[in-house]
Structure formats: C-alpha cells, structure tokens
Amino acid sequence: MTLGIEVKSLQLNYGSFRAIKDVSFTLAGGKIYGLLGRNGSGKTSLLSILASFREQTSGVVAIGGEAPFENAKIMEQVCFIQESGYMQDSTSVADVLRLSESCWPNWDREYAARLIQLYELPLKKRLSALSRGMKSALGVTVGLASRAPVTIFDEAYLGMDAPSRYAFYEELLQDYMETPRTFILSTHLIEEIGTLFEEVLILDQGHLIMHEETDALRSRGATITGPDEVVDRLTEGLTVLGEQQLGRTKSVTVFGELTKEQRKLALAEGIELGPVSLQDLFVHLTKRRGDGQ
Amino acid sequence: MFDDRSPIYQQIADKIKDDIVRGLLQEDEQVMSTNQFAAFYRINPATAAKGFHLLTEEGILYKKRGIGMFVSGEARQSLIQNRRERFFEEVVDQMLAEADKIGVPISEIIGRIEKANRRNEA
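Quick note, the sequences are listed as chains A and B, same order. If you use this note's numbering, the first sequence corresponds to residues 1 to 293, in order. If you use this note's numbering, the second sequence corresponds to residues 1 to 122, in order.
Simulated from the structure, these hints should not be mistaken for lab results. If you're wondering where the values come from, they're calculated on a predicted model, not measured in any experiment. Built from N, CA and C at the ideal position, the CB exists for glycine as well. Among the hints, erroneous ones may be present.
Cross-link-like lysine to any residue pairs, in silico, SDA-like; alpha carbons within 25 Å at most [claimed, not checked]: (1) B/101 x A/228; (2) B/101 x A/31; (3) A/260 x B/31; (4) A/31 x B/115; (5) B/64 x A/17; (6) A/264 x B/98; (7) B/101 x A/263; (8) A/31 x B/67; (9) A/264 x B/102; (10) B/15 x A/170; (11) B/15 x A/192; (12) B/15 x A/250; (13) B/101 x A/60; (14) A/250 x B/67; (15) B/115 x B/84.
Facing chain B, a subset of chain A residues (Cβ under 10 Å, in silico) [said to hold, decoys possible]: (16) 169; (17) 173; (18) 214; (19) 266.
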C-alpha cells in the first residue's frame, strides 16, 4: 500500500522565527524521495509535521487525503526515525521492538529479528548502554520492520560506520523492491545514497527551492571550462551557479541544459564540457555569501 | 559502478550496449531484470527501468510480456555500425586536432599506423 502526500502553502513558526516558508509539493507515493538541505534549512521541521509530531502554523498537509496531526489512523501508517531517537534511555532494545510492534500494524517481527541479527544488536541492553552506531542501527531496524506505508529516515543512519550504512542502503532497496512503499530520507551523504533517490527535494532557509526527478536534475548542470573570453560568450544568458578563474582559464558551473548548438560551438572552440554531480549542484544551489569559495 | 555525474539511466543503457557489442550479451538472450540491476548497482529500480525503456525505444531490447527483456536480433549489428560512424568523429578527428595543436605532421601519423598494421599482419 502506498500513500500520497500533499503539502500546500505550509508555514511553521517557532515564536517569531519562521522555519518553513510557504512550501508546497506533491509526492505521488511509492517512491524513494531524498530531502536535501543544509543545517537549519527546515528538513526536520518539515518531516516532523509529516509525521504528526508537530502541527503547522498554517497551510495544508494531507497524507492519503487526511491531515496527519493527532490523527491515529494516519499516525500508524507513518514511521518517523530520527538519529537522536525519542525513547527513554532506560528502555531496552527488546522493549523498543515490543513498543514498535504495538505502534505499527504492518510490523514484521521476523524481518526485525533478521535485522537485529545483521546489526548484532543486544536485545537486553538499555538504550543508554548502546553506542551511537548501535542506536542508529536500531532506528534503521525499526523503520524498515515497521513496513509503514510512509517511512521517514531523518539522518537516521549518520551514526553508523560505512559498512553498516551500505548494508542499510542494500536492505532499504531490497525491501522497497519487495514491498513498495514511500520512503523519505533526509541526508548529508548525497554521494553515497543519491543513486537510490527517484526524486529529490531541496530545502533552503525554509523554502523549497527544488523538487525534481534525480536523473533530470543530474542532467541539468554543466561545467564549462576554457579561455575566459570564449567561456563568457558561451555562458551568456545561462544561469550561472558558480565561477572560478585560474589565470586565463575560466570554469563556470551553469544550471540548465545546453542546446545542441552550444555544445557544437563549445567543441569547435576547444571548450571542455563536464557534468556536475548531485552533490556539487546541491552545494551551488544552496551556497550563500560568506561561505567563501 | 556508475558515476554520480551524468544521468544514471543513460549509463545503464550504455553499459548494456557495450555488453552487446562485446558479445557478453547475445541475440535473443535475456537481460537481467530491473530489480536485479537495481540491487547489483545499488540504484533506484525506476532509474534502471528508464534505461531499459530507452533501449527498447532504440530497438536494442524487446520485451516479452511477463518474462522480461531480451536482446534484439539486429542490436549488435546496428550498434557496431553506429560506433563506426562515431569512431571517426570522436577518435580520429580528435586525434588530428591534438596532432595539429602540438605540431605532429600527418605523414608521421600515417607512418605509425602503417607500422602497426605491418606488425598486426606479421
């Protein structure tokens, strides 16, 4: 089962600070979505609203057509995993699993047991006795085994070491292919996990500045490198994300696809055209004055 | 593995084409499923499906309903033809441009090619 998510003109204020500013988007559901944004861009605030942890100041959120906040029917369909977790330190791993089983009706006990074994998690230990990596692994276990139609991981796997993270990516993908559902993952590890996203959303200072198919986004950036006067001529009228100059060589990162004519001209003039990685695009799109070059 | 720079579905399509040209995938042979592809390369299955779609549109692959994707009969021939056309544009022309830039005379290039040719024949 998959649930669509509809967000319209969403605002969230913390006192006088506006964390989410007029955000609207539609997620068809049944896909893996990546939510990118710098620290403090509003990712966790947005995800908390989707997960019924917080009520918006204004605007509309609908999951499967219903408002999630204090809606028991929606809450059991949504699983929100944060890196910090939200259970008391004295809770044991086994208790976390029992509690989770009572929260999510689609809970898969066997799958949870398999993941617990995979990550070598001690059932009797309390949360306070777990390492950061183990806590992350437990969060990942709960999220996957919840089989919730909407499963959200908010940086949930940051605490894990690289082999564990890769095991998580593989599990996530395998599980998604076996039982399609909506996954939303917020992350800073774009290069590691970017290939898993079907669509990407980018938040910047509370605004949604991008929502696009990942592959489409990847094909929209280019670096143009060569003698400065030729590069300037070629990039006229294009959206320039960044520039670098080394002697008479200039390298410009542009956003938007180059036309066939532009590509031909570039080739004829000996200009180097290069693709831009998702991570680089993200960096350029969310760069601010004061970040330096 | 795929790089994160150009559209991944394009890279998948290119990889399958390359396998066909090299004979790793034969005519009428079944290609891995999108899910197998996705799991192997750790990519979204929709991305893999898009690469497959591109290849069916180009006539490289064909679909058998409920079974999977297969290599078309003329795929290898047409891919090789296509590559031959690109060879002169992308390899030979580029080489000549480079030679011109650094002042290598064409006669020297031809000499080199003939030498390589004699070695191959011997």
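Structure-based check of each hint:
Restraint check for residue 101 of chain B and residue 228 of chain A: the C-alpha separation of about 19 Å stays at or below 25 Å, so the hint holds. For the proposed pair residue 101 of chain B and residue 31 of chain A, the alpha carbon gap of about 50 Å is over 25 Å, so the pair is violated. A C-alpha spacing of about 32 Å is found between residue 260 of chain A and residue 31 of chain B, which places the hinted pair above 25 Å, so the restraint is violated. A C-alpha spacing of about 57 Å is found between residue 31 of chain A and residue 115 of chain B, which places the hinted pair above 25 Å, so the restraint is violated.
For a cut-off of 25 Å, the pair hint linking residue 64 of chain B to residue 17 of chain A is broken: about 57 Å separates their Cα positions. Proposed proximity of residue 264 of chain A and residue 98 of chain B is supported: the alpha carbons are some 17 Å apart, at most 25 Å. As the CA atoms of residue 101 of chain B and residue 263 of chain A are separated by approximately 21 Å, the hinted pair is consistent with the 25 Å bound. Distance hint between residue 31 of chain A and residue 67 of chain B is fulfilled; the C-alpha atoms sit about 24 Å from each other, no more than 25 Å.
A threshold of 25 Å between alpha carbons decides the hint, and for residue 264 of chain A with residue 102 of chain B the separation of about 23 Å falls inside it, so the pair holds. For the hint linking residue 15 of chain B to residue 170 of chain A, the alpha-carbon distance of about 22 Å falls within 25 Å, and the restraint holds. Annotation: proposed proximity of residue 15 of chain B to residue 192 of chain A holds, straight-line Cα distance about 21 Å (limit 25 Å). Between the alpha carbons of residue 15 of chain B and residue 250 of chain A the distance comes to roughly 33 Å, so the proposed pair goes past 25 Å and is violated.
For the hint pairing residue 101 of chain B with residue 60 of chain A, the CA-to-CA distance comes to about 62 Å; that exceeds 25 Å, so the pair is violated. For the hint pairing residue 250 of chain A with residue 67 of chain B, the CA-to-CA distance comes to about 52 Å; that exceeds 25 Å, so the pair is violated. Between residue 115 of chain B and residue 84 of chain B the alpha-carbon distance is near 22 Å, which keeps this suggested pair within the 25 Å criterion. For the restraint placing residue 169 of chain A at the interface with chain B, the shortest Cβ-Cβ distance is roughly 6 Å, inside the 10 Å limit, so the hint holds.
Nearest Cβ of chain B to the Cβ of residue 173 of chain A: about 6 Å, under the 10 Å cut. The hint holds. Look at residue 214 of chain A: its Cβ gets to within about 7 Å of chain B, closer than 10 Å, so that hint holds up. The beta carbon of residue 266 of chain A comes no nearer than 14 Å to any beta carbon in chain B, farther than 10 Å, and the hint placing it at the interface is violated.
In this structure, the hints that do not hold are numbers 2, 3, 4, 5, 12, 13, 14, 19, in rising order.
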